[in-house]
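Here the structure of chain S is known, so what remains is to put chains C and E in place on it, guided by the hints.
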Amino acid sequence: MGNIDLSFTNLDQDKLTELKTYINELERPEESLIHVLHRAQKLFGHIPHNLQFFVAKHLNIGAARVNGVVSFYSFFNEEKPGEYDISVCMGTACYVRGADTVLHTLLERLEIDKGHVTEDGLFSVRDVRCIGACGLAPVVTVGEKVYGHVTDDMALDIIDKYRGEHNDN
Amino acid sequence: MMTDTTPKMQYRIALRNCGFINPENIDEYIAVKGYQALGKVLSEYTPQKVVNVIKESHLRGRGGGGFPTGLKWELTARETSDEKYIICNADEGDPGAFMDRSILEGDPHSVLEAMAIAGYAIGSNKGYIYIRAEYPLAISRLQTAIEQARSYGLLGNDIFSSGFDFDIELKLGAGAFVCGEETALINSLQGLRGEPNKKPPFPSVSGFRGKPTSVNNVETFANIPAIIMKGPEWFQSIGTKHSKGTKVFALAGKVNNVGLVEVPMGTTLREIIYDIGGGISDGKAFKAVQTGGPSGGVITEENLDTPIDYESIRKIGSMMGSGGMIVLDEDTDMVELSKFYLDFTQDESCGKCTPCRIGTKRLYEILDRLTQMEGTPEDLDLLEELSHNVKDSSLCGLGQSAPNPILSTIDRFREEYEAYAYRTKKTTYSIDEDKCIGCTKCSRVCPVDCITGEVKQPHVVDESECIACGACYNACPVDAIIKP
Amino acid sequence: MTIKNFKALKDTQKTMTNQVSLRNEGQSDNDQIEILVGLATCGFAVGADETLFSIEQRIKEENFNAKVVGVGCIGYCHKEPTIQVNIPGKKPTLYGPVTAEMVTPFMQAIMNNEDTFDDHIIETSFDKAVL
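In the order they appear, the protein sequences are chains S, C and E. Quick note on numbering: the first sequence equals residues 27 to 195 in my numbering. Quick note on numbering: the second sequence equals residues 21 to 504 in my numbering. Quick note on numbering: the third sequence equals residues 1328 to 1458 in my numbering.
One chain only, chain S, in its complex shape (with noise of 0.2 Å):
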């Protein structure tokens, strides 16, 4: 692990800018963090350590407490993902279903490791909690997108897609 770099200097202002209205209006600060936390993530798509800081920072809490809560959520992240997140449900319905291979069968072709990025920052791939969707058995999700009774070779039509969609912009 490389030093932290907790300037703000190379987040995006404006959205900062937001993020700090939305602090500064809130009713009882002292227990919002979470949902501050769900609005960062949602303007900047992950929360990294200097964002966690300036959270702390104008919530008036320790940088401790805001990232003991970061870590202990796992719909936070600390990671950038990538342009395409691919999560597979790792719930009991879609496991017994075969998610397992579904998820090794992406995580083979993509060469990474679960809850990592590809080199080119174009995928990321992680097992998450049930989404609900047990009916549809084994469920991958890609953004907003949910793929329904997924097997091995639909999950790497589901790649194939997105990078061809994104090689044709």
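Don't read these hints as lab results, they were simulated from the structure. For clarity, every value in this text was computed on a predicted model and none was experimentally measured. For glycine and all other residues, C-beta sits at the position ideal for the given N, C-alpha and C. This list has only true hints and no planted wrong ones.
Negatives, chain C to chain E, calculated, CB over 12 Å:
#, residue
1, Lys75
2, Leu95
3, Tyr330
For lysine-lysine, the following PhoX-like pairs were computed, each having C-alpha atoms within a straight-line distance of at most 20 Å:
#, chain 1, residue 1, chain 2, residue 2
4, E, Lys1341, C, Lys60
5, C, Lys218, C, Lys411
6, E, Lys1331, C, Lys53
7, C, Lys60, C, Lys250
8, C, Lys60, E, Lys1334
9, E, Lys1341, C, Lys250
10, E, Lys1334, C, Lys53
11, E, Lys1337, C, Lys53
12, C, Lys53, E, Lys1341
13, C, Lys250, E, Lys1337
14, C, Lys503, C, Lys307
15, C, Lys250, E, Lys1334
16, E, Lys1418, C, Lys28
Derived Cβ-Cβ restraints for the label pairs, each shown as a range:
#, chain 1, residue 1, chain 2, residue 2, range
17, C, Ser450, S, Ala90, 49 to 59 Å
18, C, Pro156, S, Glu53, 16 to 26 Å
19, C, Arg229, S, His84, 15 to 25 Å
Relative to the frame of chain S, chains C and E by itself:
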């Protein structure tokens, strides 16, 4: 009214409006007598009478615990405080369950109405819905419903000119299974890590912001308006001696009709899986059904005819849980299934207490060792002993129930654990000579070239080379490949 | 609109019943057909929103005497997208799956009372509490 003389398997109370009304239009909810239960209690009942009606109905918490709802309200009502809170637990964390999501997406007003009724009963003016951030559609429909209810004066100040004020706010979770535990949920609501506290004090005495708080689950709330409108006697007439009313189950896994079902307490699992669920998918044989998620266990063939309620399901080695019901077929490896659940719980353990933090991790490691064929027979004893230790000494329900999937499967499927422990388990593919037609498809797809044979002659797998990838199994047109 | 008291709520309910009576009882004071589309997460995941959109399009283009309403999940996840067709004077019928591609022939069958989609009928196996 359509009448059908044949008795139906399902009876829907909590799901009564799901699929029938537009959840984004309050007028349709009002059309099916929505908010009339609230009108009734505010104009005709004292708060004590509301508590009494819910007590008489014998409604029990549908989130899994089965604690009597009326008693919970009474304990919170009894406290004197300037502020009290109603919290709706919509942090549906059981992987494989989606009952609460469906209610929130299909009938959000029933939950809002019930929360206001609860608020009146216990003397609270403020409710919070703690909902998973992973449910964006439910969040947006709840938000819409809250705004519509406010604009009609059904939330806010002086509801129905009764002098009673009640409002509701949404609070988002961020993905932590332990937040289903009420004290952990309250900590998360306050912007902290979702770690549980020691009880007592119970939330009914000291909960959200240190004030008396009643935490109830979505499905529990969805039952309330029906109980008020139709009376506790009606509700009591449905179900078994100790468990009244219905239960919603999310039926999933290896079953034909995956979906949501709501059945009276006392329905058997056979009725749910075969009559409603249409039996096992792909013509496979039934092996077991898993209920209660990571806190529950498996139920096998011999208990399929047990009428299901909170008590009976414990007796047959599982628990009701929130309503996840995963059907397992002959292909399911029970040791792998335990490993799946322990991987989940060791990951979700909040880390506050040692037995759960370290214990679940060690349990997972033992299971992992076994499935990698690196275990020993002693591991089985260790697994059981440690399971009991974690169960007995963990701080909250997560740790206390985390070993249940192991204990339940090792009791019923010990031979599967032994096959791993004594390393007798077959892990490679082979070919049924009688079925093989010698089409050569398997040998062509095998990535390690360990399948040989002449065209139109039975092929053979060199099992010392097989890496169990399953490619041959998928390629075979005549089902001649035998799985490990 | 603020509903001021319990009586006002009951009065409002009476004026609203016609919005839902067709769904449960097949009763209506006109002959408009009502089509309910299940729009919950599991429906969206298999394109129920596209089905709903296509139905709206067909109604507009063909000037069908029908309306479409998005509702929650009726619980038949394995047959999504599910659609309930309510024809005045008839028992409401549940169909599934009906994908966007199937909408044109489906609407044709419904509006002309043809039986081409009878193999998509889902037998509903429940009673429900009526308040």
